[in-house]
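Participant: Sequence:
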Amino acid sequence: MDDLDNIYNELIMEHSMNSYNKKKLNNADFCEMGHNPNCGDEITLELKLNGDIIEDMAFSGHGCAISQASTSIMIDTLKGKTISEAKEIIKTFIEMIKREITDEEELAKLEDAIAFRNVSNMPARVKCALLAWHTIEEMLNKKQ
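All the letters of the sequence shown, read from the start, carry residue numbers 21 to 164 under the numbering used here.
Source of the hints: derived by calculation from the structure; they are not laboratory data. Heads up, some of the hints might be wrong.
Unchecked claim - Straight-line distance between alpha carbons at most 27 Å, and here's what the computed BS3-like set of lysine-lysine pairs gives:
#1 K147 - K162
#2 K101 - K44
#3 K147 - K99
#4 K42 - K107
#5 K147 - K101
#6 K162 - K101
#7 K118 - K163
#8 K42 - K147
#9 K111 - K68
#10 K163 - K107
#11 K129 - K99
#12 K43 - K99
#13 K162 - K99
#14 K43 - K111
#15 K163 - K147
#16 K43 - K163
#17 K42 - K101
#18 K162 - K111
#19 K42 - K111
#20 K118 - K44
What the hints assert, rightly or not - Beta-carbon label-pair distances, calculated as ranges:
#21 I27 - S140: 15 to 21 Å
#22 Y40 - E120: 27 to 33 Å
#23 K162 - E30: 22 to 28 Å
Even for Gly, the Cβ is constructed at its ideal location relative to N, Cα and C.
Given these sequences and hints, build the entire structure.
Facilitator: As C-alpha cells, this is what we get:
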C-alpha cells in the first residue's frame, strides 16, 4: 500500500467519524432520501441553492463508514459549484467507481472524492460509496 492510499484511508476515516457536514440545514430548498437495502445505509440529503449555485448541503442518517464518508466528501466537493458543474462531477465519480473512467486529468475534478477510487475493487462497498451520489443526482434531475 503506498502513501497515497494511506492518506485516502485517513481522509475516509476522518469524514466517517466526525463529519461537520452531518447536520440539519435550515431553509433547505430540496431534500431527498437515499437508502441502500443491502446494508441498511440511509441518508437524507438537504440542499440549498443560490440561483444556479449549490450554496450549502448537509446530511443526516446512518450507515457504514464508506457511505458516511462518501456523503460528507461529496458535499465538500459539490459546495459552491453550479448545478451543471455538479452534474459533471457526479457523472465522473460514478464512472470512476464503475471503472469506466481512469484518466487522471478527468479524475482530478473529483478533488478529495478521488479517495474512493479503490472502492471499485470491493464490489460489496460500491453501493455504499455511490448512495449519496445517486441521491444527489436524482435530486438535481427532479429540480430541472
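Participant: For each hint, tell me whether it holds in the structure or not.
Facilitator: Cross-check of the supplied hints:
{"no.": "1", "hint": "K147 - K162", "in the structure": "holds, 21 Å"}
{"no.": "2", "hint": "K101 - K44", "in the structure": "holds, 20 Å"}
{"no.": "3", "hint": "K147 - K99", "in the structure": "holds, 22 Å"}
{"no.": "4", "hint": "K42 - K107", "in the structure": "holds, 22 Å"}
{"no.": "5", "hint": "K147 - K101", "in the structure": "holds, 24 Å"}
{"no.": "6", "hint": "K162 - K101", "in the structure": "holds, 18 Å"}
{"no.": "7", "hint": "K118 - K163", "in the structure": "holds, 25 Å"}
{"no.": "8", "hint": "K42 - K147", "in the structure": "holds, 20 Å"}
{"no.": "9", "hint": "K111 - K68", "in the structure": "holds, 21 Å"}
{"no.": "10", "hint": "K163 - K107", "in the structure": "holds, 12 Å"}
{"no.": "11", "hint": "K129 - K99", "in the structure": "holds, 13 Å"}
{"no.": "12", "hint": "K43 - K99", "in the structure": "holds, 15 Å"}
{"no.": "13", "hint": "K162 - K99", "in the structure": "holds, 19 Å"}
{"no.": "14", "hint": "K43 - K111", "in the structure": "holds, 25 Å"}
{"no.": "15", "hint": "K163 - K147", "in the structure": "holds, 24 Å"}
{"no.": "16", "hint": "K43 - K163", "in the structure": "holds, 22 Å"}
{"no.": "17", "hint": "K42 - K101", "in the structure": "holds, 19 Å"}
{"no.": "18", "hint": "K162 - K111", "in the structure": "holds, 16 Å"}
{"no.": "19", "hint": "K42 - K111", "in the structure": "holds, 23 Å"}
{"no.": "20", "hint": "K118 - K44", "in the structure": "violated, 31 Å"}
{"no.": "21", "hint": "I27 - S140: 15 to 21 Å", "in the structure": "holds, 18 Å"}
{"no.": "22", "hint": "Y40 - E120: 27 to 33 Å", "in the structure": "holds, 31 Å"}
{"no.": "23", "hint": "K162 - E30: 22 to 28 Å", "in the structure": "violated, 35 Å"}
Violated hints, listed in ascending order, are 20, 23; each of the other numbered hints is respected by the structure.
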